[in-house]
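Peer 1: Each chain, written out:
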Amino acid sequence: MAMFRWGVNFDPFAGLRHVQRELSRLHETWFGESRRIGGGPYPPVNVYESPEEVLVQCEVAGVDAGDLDVSITGETLTIKGTKRPPPDEEKLNFVRRERGSGAFTRTIVLPDAVEADRIEANLDNGIMTIRLPKAAAAKPKHIEIKPSGPEEVRP
Amino acid sequence: MTKDDAVKVEASRSGQELGENAFNPLVDVYETEKEVVLVAEVPGARREDVLLRVDKGVLTVEASTSYETPGENYARTYLGFEPGQYFRAFALSDEIDREKIGASVANGVLTVRLPKAAAARSRRIEIKTAD
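Protein chains in written order, with this note's numbering: chain W, 14 to 168; chain F, 1357 to 1487.
Careful: at least some of the hints might be erroneous.
[Unchecked claim] Calculated pairs, SDA-like style, for lysine to any residue (alpha carbon to alpha carbon, straight line, at most 20 Å):
| no. | chain 1 | residue 1 | chain 2 | residue 2 |
| --- | --- | --- | --- | --- |
| 1 | W | K104 | F | P1471 |
| 2 | F | K1390 | W | R109 |
| 3 | W | K104 | F | E1387 |
| 4 | W | K152 | F | A1431 |
| 5 | F | K1390 | W | P100 |
| 6 | W | K152 | F | G1427 |
| 7 | F | K1456 | F | R1409 |
| 8 | W | K96 | F | V1393 |
| 9 | W | K93 | F | F1437 |
| 10 | W | K104 | F | V1385 |
| 11 | W | K104 | F | V1383 |
| 12 | W | K96 | F | Y1386 |
| 13 | W | K96 | F | N1463 |
| 14 | W | K152 | F | Y1430 |
| 15 | W | K104 | F | V1393 |
None of these hints come from the bench; they were simulated from the model.
Since we're looking at a predicted model, the values are computed, not measured.
Next comes chain W alone, as it looks inside the complex (with noise of 0.2 Å):
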C-alpha cells in the first residue's frame, strides 16, 4: 500500500499555509525585532516567593514616591499611583509620545498570607520593591519524625 504523507503531499491549503507562512515571517521582523516594553497591564510587575516572604518588583519609571499607594487587604495587594505629566503639558509641542500619563491601579493575589504590619516598600530608579514576610502560618514548619522503638520480633 502506498502511504503518503498527509501533510506534505494532499495539501489543498499549501499555497495559502505558504503565504501565511511568509506573513507571520515579515511580522516578526518589523514588530518582534525590537522588544519593547510597556504595552501590556501597566504597571508590569515581578512577584518572588520564598519559604520566609513574597516579594514584588514593580517598574514605575518617572512616578514620584509621594504619587504611589500600596495597600492590602488579606491577600491581595493593591498598587495604585499617579504617573504625572511633564508641567504644561498643553503647550508642549510632542514630536512622539510614548510614555503616557495617568493613574493606573494593578491588583496582585499574593501566593500565600502575608504579615500586613511588617510589610516594606522601596522605590529605587523607577523599581518599587515590596517586601511581604509570609505570616507565621503560612511558613513552612517542619515536623520531626520521631524514630520508633525497635519493633519486637516475632517468632
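Given the structure of chain W, go ahead and fit chain F onto it with the hints provided.
Peer 2: Frame of chain W; chain F shown alone:
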C-alpha cells in the same frame, strides 16, 4: 537640573554595538522654542548606567539596569519584566547645538535637553512697508 543627576554626553566615533536583545525604551519628544527635549524611560538605571553618545548626527542612548533581583532561593511566581539593557538611536537635526547637550536621570527617567543653535531659533521678521 541638579548637578548630581547629570549624565555625561560623549562624542565618540565608535561604540560597542548592543545586541538585538536590548529593550527599546519608551520616549517622549517635545520641542520648545529654544530646545528639543527627549524623555526616555529607563527604569532600574542609575546615572552611572546611562551612556549618551553623539556620533555623526546620531544620538544613541544606552543604559543598563542595576536593580537587584532575588537570588536562587526565590521562586519566580510571576514575571512581567526583566533586567537588561536599553538602546535607542535618534537622528539629530542640524539645528541642534551638539556641544550643549545636557542630560539627567531621575527616578528611572532620562531627560536629554538638546538646545537649538542660536541661528536656528525662530526669529520674528519685521515687514517693512514701503511708503
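Peer 1: State for each hint whether it applies.
Peer 2: Hint-by-hint comparison with the structure:
{"no.": "1", "hint": "K104(W) <-> P1471(F)", "verdict": "18 Å, holds"}
{"no.": "2", "hint": "K1390(F) <-> R109(W)", "verdict": "18 Å, holds"}
{"no.": "3", "hint": "K104(W) <-> E1387(F)", "verdict": "10 Å, holds"}
{"no.": "4", "hint": "K152(W) <-> A1431(F)", "verdict": "14 Å, holds"}
{"no.": "5", "hint": "K1390(F) <-> P100(W)", "verdict": "17 Å, holds"}
{"no.": "6", "hint": "K152(W) <-> G1427(F)", "verdict": "19 Å, holds"}
{"no.": "7", "hint": "K1456(F) <-> R1409(F)", "verdict": "13 Å, holds"}
{"no.": "8", "hint": "K96(W) <-> V1393(F)", "verdict": "18 Å, holds"}
{"no.": "9", "hint": "K93(W) <-> F1437(F)", "verdict": "18 Å, holds"}
{"no.": "10", "hint": "K104(W) <-> V1385(F)", "verdict": "13 Å, holds"}
{"no.": "11", "hint": "K104(W) <-> V1383(F)", "verdict": "18 Å, holds"}
{"no.": "12", "hint": "K96(W) <-> Y1386(F)", "verdict": "18 Å, holds"}
{"no.": "13", "hint": "K96(W) <-> N1463(F)", "verdict": "12 Å, holds"}
{"no.": "14", "hint": "K152(W) <-> Y1430(F)", "verdict": "14 Å, holds"}
{"no.": "15", "hint": "K104(W) <-> V1393(F)", "verdict": "13 Å, holds"}
Checked against the numbered hints listed earlier, the structure breaks none of them; every hint is satisfied.
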